[in-house]
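Asks: For reference, the chains in residue letters:
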Amino acid sequence: MPGKLFQYLHRLFRANEIRLHELSYLFWECTRRCNLRCLHCGSDCSAGSARGDMPFGDFLRAILPLKKAYPPNTITVVITGGEPLLRGDLPQCGRALREHGFRWSIVTNGYAYTPDVHARLLAAGMGAITLSLDGLEDAHSWLRSSTRSFANALKAIELITASKRLCYDIVTCVNRKNINTLPELKELLISKKVAAWRLFTIAPIGRAKGNDDLQLTPQELTQLMDFIAGARADRRIDAKLSCEAYVGAHEKRVRDAPFFCRAGVTIASVLADGSIAACPNINRHFVQGNIYRDSFLDVWSNRFEVMRNRRWTRTGICARCSDYKRCNGGAMHLWSERQDAILTCINQKMLHSA
Amino acid sequence: MKTFANKSRKFLQSIFKGLSATSLAFTFQACYGTAQDVGQDVLITGTVSSTQTGEAIPGIKVSVEDQPQYEITDGSGQFSVYALQRSACKVTFEDADALQHGAFLAKDTIVEALGERIVLNVSLDAR
Numbered sequence: 001m002p003g004k005l006f007q008y009l010h011r012l013f014r015a016n017e018i019r020l021h022e023l024s025y026l027f028w029e030c031t032r033r034c035n036l037r038c039l040h041c042g043s044d045c046s047a048g049s050a051r052g053d054m055p056f057g058d059f060l061r062a063i064l065p066l067k068k069a070y071p072p073n074t075i076t077v078v079i080t081g082g083e084p085l086l087r088g089d090l091p092q093c094g095r096a097l098r099e100h101g102f103r104w105s106i107v108t109n110g111y112a113y114t115p116d117v118h119a120r121l122l123a124a125g126m127g128a129i130t131l132s133l134d135g136l137e138d139a140h141s142w143l144r145s146s147t148r149s150f151a152n153a154l155k156a157i158e159l160i161t162a163s164k165r166l167c168y169d170i171v172t173c174v175n176r177k178n179i180n181t182l183p184e185l186k187e188l189l190i191s192k193k194v195a196a197w198r199l200f201t202i203a204p205i206g207r208a209k210g211n212d213d214l215q216l217t218p219q220e221l222t223q224l225m226d227f228i229a230g231a232r233a234d235r236r237i238d239a240k241l242s243c244e245a246y247v248g249a250h251e252k253r254v255r256d257a258p259f260f261c262r263a264g265v266t267i268a269s270v271l272a273d274g275s276i277a278a279c280p281n282i283n284r285h286f287v288q289g290n291i292y293r294d295s296f297l298d299v300w301s302n303r304f305e306v307m308r309n310r311r312w313t314r315t316g317i318c319a320r321c322s323d324y325k326r327c328n329g330g331a332m333h334l335w336s337e338r339q340d341a342i343l344t345c346i347n348q349k350m351l352h353s354a
Numbered sequence: 001m002k003t004f005a006n007k008s009r010k011f012l013q014s015i016f017k018g019l020s021a022t023s024l025a026f027t028f029q030a031c032y033g034t035a036q037d038v039g040q041d042v043l044i045t046g047t048v049s050s051t052q053t054g055e056a057i058p059g060i061k062v063s064v065e066d067q068p069q070y071e072i073t074d075g076s077g078q079f080s081v082y083a084l085q086r087s088a089c090k091v092t093f094e095d096a097d098a099l100q101h102g103a104f105l106a107k108d109t110i111v112e113a114l115g116e117r118i119v120l121n122v123s124l125d126a127r
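Chains as they are written, first to last, in this note's numbering: chain G, 1 to 354; chain L, 1 to 127.
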């Protein structure tokens, strides 16, 4: 199919999804506590977070009315943090979600993912997991600020890949310290029988803001696109760029489907303080309500207009960008409260260096 | 209006699925989230009791062959464990707490693990 027709059909698809505005993906930031202190954390979580965990009952009460609007088995509750494994009641939370018909999954750094935890989460009906491995040992330990995190993550990967039940992927945040060792990391993951690998760049938000070692140069960004394209052609592992940003001419080389930021379109979050948002890493300015004050279903159904209609993003460098129709203002987490310019544009960076 | 949008979605999805490298291309994931769970599993639930007395037995480990997950029966002898759907699966019941609630012989049961939920009430012989 010619590229322009494909792009046109995808724009129709995107507009249709926005019109439907059906929730299918719900983050629950169950805690702000974390057992690592990663240099790139978008949430700026810590071991001694002043906020406690959100009581599970509060979250469940907020989302149960969703069952009136959607078949619950079409919604995956993605439990995130902080580090969700720090919650002792995680299996009980997951089991209760399944009893109400929802699917559930976790995002973890793998540090506390032991065989016993693995067994208990599977028994409680966990269906998907994403685990971070941010390079070979030196690079991973540097980013995660922990010397034991690499070995623990590798053990967790072995457990996960051996499970026939789990839908999973391993994610890597690519930065200046690990970009040149991606080929070795790929071989390591293949040796651990990893089937799916998602690569990120690091957005200049949260703790990553102002850390130049975390931001790839334009040449390195192109190097990353070429690496992912090569790994996809190799077909030994399903590598892809995450949906974090539009990458222009590289789109078809690095992803299965064109870029589409679904924040507030099909994705919502309940944050640890009860805030109702789109994705957890989006600027707090875009919070749409709070479960302790508002009906979650009502907020989802009647608000989120700022994400469903993104014409306001045609400003700053986006105002004169010829790719705007395809990109639609990029990813929501790259917009600050001022709403006057996107924080960074990978595509523009690569184009200017070409 | 919504019906038309739903029909359009199915039509457009069918086009993109045909064009994409994997048929799962439209089971999306958020940038910092997991894949959507599209797997099939079954909830195996039930009660373990004593053949001799009929009383519920706590502390029995319930596991499924070739899968790492297990559950320990609670104070009412009840358990529930999710397992991969398959036409036949072996569920094993083993005494996991030594003599704390009596000593019982292990037992294997073959079940058809299809559908969403199966109920399995099992009695164990005292050792």
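Be aware that a few hints might be false.
[As the list claims (entries may be wrong)] Pairs of lysine to aspartate or glutamate, EDC-like flavour, derived with a Cα cap of 16 Å: (1) G:K164 <-> L:D66; (2) G:K68 <-> G:E137; (3) G:K164 <-> L:E65; (4) L:K61 <-> G:D116; (5) G:K192 <-> G:D116; (6) L:K7 <-> G:E137.
Calculated from the structure, these hints are not laboratory results.
Asks: All hints are to be evaluated individually against the structure, with a verdict given for each.
Replies: Okay, the hints, checked on the actual structure:
1. Using a Cα cut-off of 16 Å, the hinted pair K164 of chain G and D66 of chain L holds, with the two alpha carbons roughly 10 Å apart.
2. Restraint check: the Cα-Cα separation between K68 of chain G and E137 of chain G comes to about 48 Å, which exceeds 16 Å; the hinted pair is violated.
3. Restraint check for K164 of chain G and E65 of chain L: satisfied, since their Cα atoms lie roughly 12 Å apart, inside the 16 Å limit.
4. A distance of roughly 13 Å separates the Cα atoms of K61 of chain L and D116 of chain G; the hinted pair therefore holds under the 16 Å criterion.
5. For the given pair, K192 of chain G sits about 20 Å from D116 of chain G by alpha-carbon distance, which is inconsistent with the 16 Å threshold.
6. For a cut-off of 16 Å, the pair hint linking K7 of chain L to E137 of chain G is broken: about 49 Å separates their Cα positions.
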